[in-house]
Amino acid sequence: MSRALEAYLSQVGSGLKGLTSRRRLTLIRELKAHLLDEAEARGIHSESAMAALLAEKEHPLHLAEEIASGEGQDANHRGGTALAAGMIIGLATGGHLWMEGWRWYICLAFALAQGLAVGSGYFWVRRHWLRLNPWARTAVAVLITSLLSIPLGFTTHHGFRPTRLLYGAFTGYLLERHSQERPLWQTLLEPLVFTAFMFFIEVGVVGRVRFHWWQVPLELSFNATILLSVLLASRFKRVLAERRVLTTQEQE
Numbered sequence: 001m002s003r004a005l006e007a008y009l010s011q012v013g014s015g016l017k018g019l020t021s022r023r024r025l026t027l028i029r030e031l032k033a034h035l036l037d038e039a040e041a042r043g044i045h046s047e048s049a050m051a052a053l054l055a056e057k058e059h060p061l062h063l064a065e066e067i068a069s070g071e072g073q074d075a076n077h078r079g080g081t082a083l084a085a086g087m088i089i090g091l092a093t094g095g096h097l098w099m100e101g102w103r104w105y106i107c108l109a110f111a112l113a114q115g116l117a118v119g120s121g122y123f124w125v126r127r128h129w130l131r132l133n134p135w136a137r138t139a140v141a142v143l144i145t146s147l148l149s150i151p152l153g154f155t156t157h158h159g160f161r162p163t164r165l166l167y168g169a170f171t172g173y174l175l176e177r178h179s180q181e182r183p184l185w186q187t188l189l190e191p192l193v194f195t196a197f198m199f200f201i202e203v204g205v206v207g208r209v210r211f212h213w214w215q216v217p218l219e220l221s222f223n224a225t226i227l228l229s230v231l232l233a234s235r236f237k238r239v240l241a242e243r244r245v246l247t248t249q250e251q252e
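Going by UniProt numbering, 37 is the number at position 37 of the sequence shown; the sequence numbering is gapless.
These are calculated hints, taken from the structure and not from any lab test.
Here the structure is a predicted model, which means the values were calculated and not measured.
Positions of the beta carbon are idealized from the N, C-alpha and C atoms, including for glycine.
One or more hints might be untrue.
Label pairs and their in silico Cβ distance ranges [what the hints assert, rightly or not]:
{"id": "1", "residue 1": "Gln11", "residue 2": "Ser48", "range": "16 to 22 angstroms"}
{"id": "2", "residue 1": "His212", "residue 2": "Ser48", "range": "55 to 61 angstroms"}
{"id": "3", "residue 1": "Arg3", "residue 2": "Arg23", "range": "21 to 27 angstroms"}
{"id": "4", "residue 1": "Thr156", "residue 2": "Ser14", "range": "20 to 26 angstroms"}
Derived SDA-like pairs: lysine to any residue, alpha-carbon spacing no greater than 25 angstroms straight-line [to be verified]:
{"id": "5", "residue 1": "Lys32", "residue 2": "Gly43"}
{"id": "6", "residue 1": "Lys57", "residue 2": "Arg42"}
{"id": "7", "residue 1": "Lys32", "residue 2": "Leu143"}
{"id": "8", "residue 1": "Lys57", "residue 2": "Ala4"}
{"id": "9", "residue 1": "Lys57", "residue 2": "Ala136"}
{"id": "10", "residue 1": "Lys32", "residue 2": "Glu66"}
{"id": "11", "residue 1": "Lys17", "residue 2": "Glu30"}
{"id": "12", "residue 1": "Lys17", "residue 2": "Ser48"}
{"id": "13", "residue 1": "Lys57", "residue 2": "Gln180"}
{"id": "14", "residue 1": "Lys32", "residue 2": "Ser14"}
{"id": "15", "residue 1": "Lys32", "residue 2": "Ala136"}
{"id": "16", "residue 1": "Lys57", "residue 2": "Gly101"}
{"id": "17", "residue 1": "Lys57", "residue 2": "Met87"}
{"id": "18", "residue 1": "Lys17", "residue 2": "Gly43"}
{"id": "19", "residue 1": "Lys17", "residue 2": "Arg3"}
{"id": "20", "residue 1": "Lys32", "residue 2": "Cys107"}
{"id": "21", "residue 1": "Lys32", "residue 2": "Ala68"}
{"id": "22", "residue 1": "Lys17", "residue 2": "Glu65"}
{"id": "23", "residue 1": "Lys32", "residue 2": "Phe200"}
{"id": "24", "residue 1": "Lys57", "residue 2": "Glu100"}
{"id": "25", "residue 1": "Lys32", "residue 2": "Pro134"}
{"id": "26", "residue 1": "Lys57", "residue 2": "Leu228"}
{"id": "27", "residue 1": "Lys57", "residue 2": "Leu19"}
{"id": "28", "residue 1": "Lys57", "residue 2": "Trp124"}
{"id": "29", "residue 1": "Lys32", "residue 2": "Gly13"}
Based on the provided sequences and hints, a complete structural model is requested.
As structure tokens, this is what we get:
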């Protein structure tokens with residue numbers, strides 16, 4: 001961990017003496033996750049850049065007072081932002097299915113499962129694997145969102161469809177990979193590759209559907225919708241997080 005970040009967290013922790021040790025450790029861990037997330041979003045990797053980032057923040061002791069006085073509100077805010085970001089993903093995907101002519105209850109079920117279970121669930125638990133390297137974080141995100149997307153398997157007319165879980169895994173992959181800036185060519189390539197992968201699984205492996213060329217633009221547009229909703233939800237959550245407690249000195 002960065003020495004500057006370690007010193008900053010230590011000073012914040014010294015200002016939380018009125019809380020239980022367990023609660024203090026939890027708050028410090030959450031603050032650390034937030035700062036690492038912001039540093040990653042800004043592309044900060046050097047010690048000097050991290051020190052400059054922390055210099056923008058409130059004095060550690062002042063921040064500790066605010067955290068201690070509003071820790072309940074902070075938990076509610078974290079849950080609220082995760083819920084709101086997940087709803088963006090759910091509304092986008094459910095709305096896309098509705099525009100394609102799917103039954104309203106299928107669209108609603110997909111929106112709830114994709115938005116609340118996968119999207120909000122990912123944002124809520126992501127802080128637990130932030131210390132891993134980027135590829136390990138991506139693997140964990142795919143695994144977790146695959147499990148969270150089990151309800152997606154039931155959003156069909158014919159019982160459980162396991163290939164639906166791949167949409168949840170794809171969402172988790174995108175959420176983790178785009179937690180920091182990615183090259184444009186990679187962003188454009190991702191829905192194309194996933195669309196080809198879905199047809200390979202559905203037609204070549206599972207054999208549930210027959211391949212028709214007219215299905216390609218429909219599948220591709222849906223996967224592109226997932227990508228755009230992920231980008232929007234991530235940006236929305238980042239903006240809300242930056243405005244919560246950790247304000248810059250210029251805003252005071």
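Checked hints:
no. : hint                               : result
1   : Gln11 - Ser48: 16 to 22 angstroms  : 19 angstroms, holds
2   : His212 - Ser48: 55 to 61 angstroms : 56 angstroms, holds
3   : Arg3 - Arg23: 21 to 27 angstroms   : 25 angstroms, holds
4   : Thr156 - Ser14: 20 to 26 angstroms : 55 angstroms, violated
5   : Lys32 - Gly43                      : 16 angstroms, holds
6   : Lys57 - Arg42                      : 15 angstroms, holds
7   : Lys32 - Leu143                     : 24 angstroms, holds
8   : Lys57 - Ala4                       : 13 angstroms, holds
9   : Lys57 - Ala136                     : 29 angstroms, violated
10  : Lys32 - Glu66                      : 16 angstroms, holds
11  : Lys17 - Glu30                      : 17 angstroms, holds
12  : Lys17 - Ser48                      : 29 angstroms, violated
13  : Lys57 - Gln180                     : 21 angstroms, holds
14  : Lys32 - Ser14                      : 15 angstroms, holds
15  : Lys32 - Ala136                     : 19 angstroms, holds
16  : Lys57 - Gly101                     : 49 angstroms, violated
17  : Lys57 - Met87                      : 30 angstroms, violated
18  : Lys17 - Gly43                      : 33 angstroms, violated
19  : Lys17 - Arg3                       : 22 angstroms, holds
20  : Lys32 - Cys107                     : 38 angstroms, violated
21  : Lys32 - Ala68                      : 16 angstroms, holds
22  : Lys17 - Glu65                      : 10 angstroms, holds
23  : Lys32 - Phe200                     : 41 angstroms, violated
24  : Lys57 - Glu100                     : 47 angstroms, violated
25  : Lys32 - Pro134                     : 17 angstroms, holds
26  : Lys57 - Leu228                     : 31 angstroms, violated
27  : Lys57 - Leu19                      : 22 angstroms, holds
28  : Lys57 - Trp124                     : 24 angstroms, holds
29  : Lys32 - Gly13                      : 11 angstroms, holds
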